[in-house]
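A.B. asks: Given chain A's structure and the hints, the job is docking chain B onto it.
Residues per chain, in single letters:
There are 2 protein chains.
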Amino acid sequence: MGEFELIRRYFAAAACAQAGAGVALGIGDDCALLELPAGEQLAVSTDTLVAGVHFPAAADPFLLAQRALGVSVSDLAAMGASPIGFTLALTLPGAEAAWLQAFAGGLDRMAQDCAVRLIGGDTSRGPLSLTLTVFGRVPHGLALTRAGARVGDLLCVGGELGDGAGALALVLGQRQAPAEIAEPLLARYWSPRPQLGLGVALRGKATAALDISDGLLADCGHIAAASGVALLIEQARLPLSPALLALLGASGARNCALSGGDDYLLAFTLPAEHLAGLQAQGWPVHVVGRVEAGAGVQLLDQQGQGITPQARGYQHFGSDGD
Amino acid sequence: MGEFELIRRYFAAAACAQAGAGVALGIGDDCALLELPAGEQLAVSTDTLVAGVHFPAAADPFLLAQRALGVSVSDLAAMGASPIGFTLALTLPGAEAAWLQAFAGGLDRMAQDCAVRLIGGDTSRGPLSLTLTVFGRVPHGLALTRAGARVGDLLCVGGELGDGAGALALVLGQRQAPAEIAEPLLARYWSPRPQLGLGVALRGKATAALDISDGLLADCGHIAAASGVALLIEQARLPLSPALLALLGASGARNCALSGGDDYLLAFTLPAEHLAGLQAQGWPVHVVGRVEAGAGVQLLDQQGQGITPQARGYQHFGSDGD
Numbered sequence: 001m002g003e004f005e006l007i008r009r010y011f012a013a014a015a016c017a018q019a020g021a022g023v024a025l026g027i028g029d030d031c032a033l034l035e036l037p038a039g040e041q042l043a044v045s046t047d048t049l050v051a052g053v054h055f056p057a058a059a060d061p062f063l064l065a066q067r068a069l070g071v072s073v074s075d076l077a078a079m080g081a082s083p084i085g086f087t088l089a090l091t092l093p094g095a096e097a098a099w100l101q102a103f104a105g106g107l108d109r110m111a112q113d114c115a116v117r118l119i120g121g122d123t124s125r126g127p128l129s130l131t132l133t134v135f136g137r138v139p140h141g142l143a144l145t146r147a148g149a150r151v152g153d154l155l156c157v158g159g160e161l162g163d164g165a166g167a168l169a170l171v172l173g174q175r176q177a178p179a180e181i182a183e184p185l186l187a188r189y190w191s192p193r194p195q196l197g198l199g200v201a202l203r204g205k206a207t208a209a210l211d212i213s214d215g216l217l218a219d220c221g222h223i224a225a226a227s228g229v230a231l232l233i234e235q236a237r238l239p240l241s242p243a244l245l246a247l248l249g250a251s252g253a254r255n256c257a258l259s260g261g262d263d264y265l266l267a268f269t270l271p272a273e274h275l276a277g278l279q280a281q282g283w284p285v286h287v288v289g290r291v292e293a294g295a296g297v298q299l300l301d302q303q304g305q306g307i308t309p310q311a312r313g314y315q316h317f318g319s320d321g322d
Numbered sequence: 001m002g003e004f005e006l007i008r009r010y011f012a013a014a015a016c017a018q019a020g021a022g023v024a025l026g027i028g029d030d031c032a033l034l035e036l037p038a039g040e041q042l043a044v045s046t047d048t049l050v051a052g053v054h055f056p057a058a059a060d061p062f063l064l065a066q067r068a069l070g071v072s073v074s075d076l077a078a079m080g081a082s083p084i085g086f087t088l089a090l091t092l093p094g095a096e097a098a099w100l101q102a103f104a105g106g107l108d109r110m111a112q113d114c115a116v117r118l119i120g121g122d123t124s125r126g127p128l129s130l131t132l133t134v135f136g137r138v139p140h141g142l143a144l145t146r147a148g149a150r151v152g153d154l155l156c157v158g159g160e161l162g163d164g165a166g167a168l169a170l171v172l173g174q175r176q177a178p179a180e181i182a183e184p185l186l187a188r189y190w191s192p193r194p195q196l197g198l199g200v201a202l203r204g205k206a207t208a209a210l211d212i213s214d215g216l217l218a219d220c221g222h223i224a225a226a227s228g229v230a231l232l233i234e235q236a237r238l239p240l241s242p243a244l245l246a247l248l249g250a251s252g253a254r255n256c257a258l259s260g261g262d263d264y265l266l267a268f269t270l271p272a273e274h275l276a277g278l279q280a281q282g283w284p285v286h287v288v289g290r291v292e293a294g295a296g297v298q299l300l301d302q303q304g305q306g307i308t309p310q311a312r313g314y315q316h317f318g319s320d321g322d
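Protein sequences, first through last, are from chains A and B. Take 1 as the starting number for the first sequence in my numbering and just add one per residue. Take 1 as the starting number for the second sequence in my numbering and just add one per residue.
Since the hints were made in silico from the structure, they are not lab data. One or more hints might be untrue.
As the list claims (entries may be wrong) - Derived lysine to any residue pairs resembling SDA-like cross-links, with alpha carbons at most 25 Å apart: (1) A:K205 / B:I27; (2) A:K205 / B:E35; (3) B:K205 / A:A24; (4) A:K205 / A:E292; (5) B:K205 / B:G228; (6) A:K205 / A:P239; (7) B:K205 / B:Q174; (8) B:K205 / A:E292; (9) A:K205 / B:A24; (10) A:K205 / B:G228; (11) A:K205 / A:G306; (12) A:K205 / B:L168; (13) B:K205 / A:G28; (14) B:K205 / A:G26; (15) B:K205 / B:G294.
One chain only, chain A, in its complex shape (with noise of 0.2 Å):
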């Protein structure tokens, strides 16, 4: 047996003891098998991740499949799926026992707390990168796409904005902070939340949704278009973490929350009917601005002036990445 069907057999001891909603057969045979209640769709997304573009190849293997993971089941957050499995891809350069007994427990600490399942994968030799395809469950035209806001919605977004993007500088060595301020930057960074309850939550209710990967203007801007309509952001409404405030003042946390990436938190828009009642469940929904009739976004001051940002767009980790 080659070193790397041992990795095999250690992935697959990982994915048999998690429970098997959706899943008629998991890892090894030519497919896995997946079942789908009648009357629902089914939500698939692939998402890459390659040492020295999307992380630091030293990056800890524990943390770097716990992010890898979230940041993928995020996707069925933002179309209201419930998550039933995973599959994985893993080229590496080697099999280093340590390496993969902290990559498999980061795996399957993520996969517990988003209840799916790892159900196949392939396992290659070569430079370090990862493929995760996700795969979930919406029932039959209740999934929300980018597509459907309409002038007078409401724009809002599941939590504090910019600590992801605020945590690189941090994760990459180039700043120091205090653990107070540390930590929950980082623990924002290496171990996304992906809001599936709340996805699930605005089903029949949010007009378009997406999650925050680029950060709020670029994202907003694949809405605007996707719907054919202009978004308004009130610069006043962002919330903000205050550790995020504390690393960089209010300026530079704004600039996080806009321009910043790796949120990982779902924006949507909301027919203003359905606000009251979301967060009288307990949901995370701020209120940010609002969709008018037109085109891209708008980002506006208190008086309601609009503003250029000091940034737009965002680089993942290194300047090279996409």
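C.D. replies: This is chain B only, laid out in the frame that chain A set:
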């Protein structure tokens, strides 16, 4: 717009041009959405190909794309599944228009041949590699797994074996051959034909199946292990192509068939009563052995005596491949 955004648009255009049975939402949102008819299961398989490990970095991009998709779809054939779609995670050092155009062309050619649609993906900068995840559908309970072979079944294959392995020396430029020998072998290597029709025809008939990727002996070992039986292979019954026999002689051709790889033809166990019907319908069903009680795989000569194969196990392309 970055160059990688341009790449995504290139593939998006190719995907939209194709028919979309089973695809409710394709490329461009957080997830694709698939539909599954009532009473069917979704079959999923993921494969990674890494430059320098699974294929030469200088491989023709049209042929590379065609082969990568064909190899992946072959896993659907092995389950008796009908293809729906696939995702492509493409990592490449840069965006060269000629390379991308040829790659997209090869992908589109094989996608049309297999009636499978590009439904999503991810494009990253990094060392050249591809991860494809393929999706198919199969009626509940009719998927062909590796686990159902029964004592008394015939062991069958879907065509002439060893051509892909025989072609490898030609692919690598280690060997030359006249066109009438080289061309059919190279076609088998670069343009695998997933046996989707045969897979569907075997539903409810074959008791176990897989596609041969690592050589008949190794892959039959998977069926034997999963089914808890022994498989006997009669060496004299191996179907071998004229081109492979001309290139390598009888002994070399047999070695490729038994211990080579890259065939991507089906191997399956079949109750004898189904043989004549399938052959009468024109399906390529070649009996190469039988299922007995016991464990493992045994190779037999024409007198029914056990033979020790000359070579066993196979490394794709590079010696470190897996």
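A.B. asks: Against this structure, judge whether each hint is valid.
C.D. replies: Consistency of the hints with the structure:
Annotation: proposed proximity of A:K205 to B:I27 holds, straight-line Cα distance about 24 Å (limit 25 Å). For the given pair, A:K205 sits about 22 Å from B:E35 by alpha-carbon distance, which is consistent with the 25 Å threshold. For the hint pairing B:K205 with A:A24, the CA-to-CA distance comes to about 20 Å; that is within 25 Å, so the pair holds. Under the criterion of a C-alpha separation no larger than 25 Å, the hint pairing A:K205 with A:E292 is consistent with the structure, at around 18 Å.
For the given pair, B:K205 sits about 19 Å from B:G228 by alpha-carbon distance, which is consistent with the 25 Å threshold. Straight-line distance between C-alpha atoms of A:K205 and A:P239 comes to about 22 Å, which keeps the hinted pair within the 25 Å bound. Between B:K205 and B:Q174 the alpha-carbon distance is near 42 Å, which puts this suggested pair outside the 25 Å criterion. Straight-line distance between C-alpha atoms of B:K205 and A:E292 comes to about 60 Å, which puts the hinted pair past the 25 Å bound.
The suggested pairing of A:K205 with B:A24 holds, with an alpha-carbon distance near 20 Å, which does not exceed 25 Å. For a cut-off of 25 Å, the pair hint linking A:K205 to B:G228 is broken: about 52 Å separates their Cα positions. For a cut-off of 25 Å, the pair hint linking A:K205 to A:G306 is broken: about 29 Å separates their Cα positions. Among the hinted pairs, A:K205 with B:L168 is inconsistent with the structure: their alpha-carbon atoms are about 56 Å apart, more than 25 Å.
Of the pairs offered as hints, the one joining B:K205 and A:G28 holds, with about 22 Å between alpha carbons and a cut-off of 25 Å not exceeded. A C-alpha spacing of about 23 Å is found between B:K205 and A:G26, which places the hinted pair at or below 25 Å, so the restraint holds. At roughly 22 Å between alpha-carbon atoms, B:K205 and B:G294 fall within 25 Å of each other, so this suggested pair holds.
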